[in-house]
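Residue numbers (the working numbering), protein chains in the order written: chain A, 1 to 300; chain B, 1 to 300.
These aren't lab readings, by the way, just hints derived from the structure by calculation. Accuracy of the hints is not assured; some may be wrong.
Copies of the same chain are indistinguishable here, so a pair counts whether it falls within one copy or spans any two.
List of simulated lysine-lysine pairs, BS3-like, C-alpha gap at most 25 Å [what the hints assert, rightly or not]:
hint : residue 1 : residue 2
1    : Lys-30    : Lys-283
2    : Lys-107   : Lys-247
3    : Lys-237   : Lys-107
4    : Lys-136   : Lys-151
There are 2 protein chains.
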Amino acid sequence: MRIISTEKVPEECRNVIDVKYDNLTDEDFKNAEILLTWPSRVNKELISKMPKLKVIQTFSAGVDDLDFSVIPPHVKVFSNAGAYSLSVAEHTWALILALAKGVGTRKRTIVYEITNKVLLILGAGGIGSEVARIGKTAFRNYVIGISRSFKKPEWFDEKHSIAMLREKIGEADIIVDTLPLNKETRGILNYDLLKNVKQRAIIVNVGRGETVDEEGIYRLLKERPDVRFGTDVFWRKNGREDFYNTKLWELENFIGTLHTAGAYGNDEVMKRAMFIACLNVKKYIDKGIADNEVRREDYV
Amino acid sequence: MRIISTEKVPEECRNVIDVKYDNLTDEDFKNAEILLTWPSRVNKELISKMPKLKVIQTFSAGVDDLDFSVIPPHVKVFSNAGAYSLSVAEHTWALILALAKGVGTRKRTIVYEITNKVLLILGAGGIGSEVARIGKTAFRNYVIGISRSFKKPEWFDEKHSIAMLREKIGEADIIVDTLPLNKETRGILNYDLLKNVKQRAIIVNVGRGETVDEEGIYRLLKERPDVRFGTDVFWRKNGREDFYNTKLWELENFIGTLHTAGAYGNDEVMKRAMFIACLNVKKYIDKGIADNEVRREDYV
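Chain A extracted, bound-state conformation (with noise of 0.2 Å):
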């Protein structure tokens, strides 16, 4: 099977399958079965120049940012979901512990203690395992799961569907928001629910901003200055993640990071993510299964 990738990718992913990506001519992308890319370089005249595209992998690990509308349906994703666990589930814990610790205030801010309180995770993918399991390994967490699926079931003490969200919500001293953007989640943490966190709660989003909403977080966190609240991810405005156009950063108990979770700046963990991607086309030419195949209809 042809591949092409519209980026360079690491050395050691031409060892594992044949991709080009340098000087790609029309005959490449017409004659390209797999496309290995990132999700904003999907556009109608790409596709259009790829009538034998069966599938596309993703170097990134969400793909809310995939314009569905252009790709033809019997073409499959995958995502890398899981190529940046690691990192980003460091990350969380940095977000975590730092507002715990009142870290980057310059002020004296009470600190909150971590060990042995109950950890709350929204989606148990690779991210939320990875957050579990230091939960579990390292302050003693007891770790709630809300899920559709679990990959690492052994790390949760409990594992519930979306529709126990509600009635957990208010038995966590730490809540981690790892959902991905569809149309199920968009939203989802709302001041409706958010109202029920417990005191001194301690609320952090590594997942899509706009699955927190904007107002509602900000109107709990000028109510409860005992809750804390940290992000990765931001809401888009005027088509883009938008960092700094929020009202969250005039709060003391706010903490943010601009989307620097997965690999920012570091090459290393970054030629891993797309190693990773290409081990993944490689299990579909072997295998024709991959992991991380997108669900349509979750997006559409």
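Chain A is already provided as a structure; the job is to place chain B on it using the hints.
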């Protein structure tokens, strides 16, 4: 044995020892053999009122604030080392991870990975051991300890005396200083030593400010923007720890919290720590020995 405390102790203390703290009379001081207190309370006047004093048990983990010159040589001093270990270890990891992930910078900062890195810990008492445990279990660190003794040797892959510090500091990705301040440790992390740290080293101090040479660390951070330093402890100026009067705050590769790691503002942690001090007094009364006897020669 008559026991008094200069502070109100938690109710649970009264279940294990007979300690008086309210409305203390001259008679109470005169008869007291055991004193529970903060180091800063101990002065000539207090000691002169206590002719029968045999034991001082501090509520604090560190005793570098204690004026040994006013304490008769036959009086035993026990610190509360370890009582805040869990809280300080969590705080240590908050600083390590915040530095690694650029939390608090409000800029897009290159993220460093933590997993599988080499963690060097100076001081392997209560705090150092907990820091090691978290690194080992959560982040699969290779842990090197530099210490006089090891409270939990099982969490260390290598155990060395302080003589090996110069050799080992160049092997570490993460360096944690949990040292008490005494004659041996003052200024131990100076420029001449620190200049040997690896590319992208993360250095954290939760021991005492003066174990790090202030000019030395400033020079290192200026010269090496890839190195990141975080501290919860600051240098004493005009007789007290001065959080603000240091040039470090100008630097982007520096982060600080204002000596809040122990239990700042957290009644739960503080009560538990005071109770641990009371339990140690009980141990002394029951067995004639207790934990954390201070080696006076380390300080005088």
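Consistency of the hints with the structure:
no., hint, result
1, Lys-30 with Lys-283, "within (23 Å within a copy, 81 Å between copies)"
2, Lys-107 with Lys-247, "both (21 Å within a copy, 17 Å between copies)"
3, Lys-237 with Lys-107, "between (32 Å within a copy, 19 Å between copies)"
4, Lys-136 with Lys-151, "both (16 Å within a copy, 23 Å between copies)"
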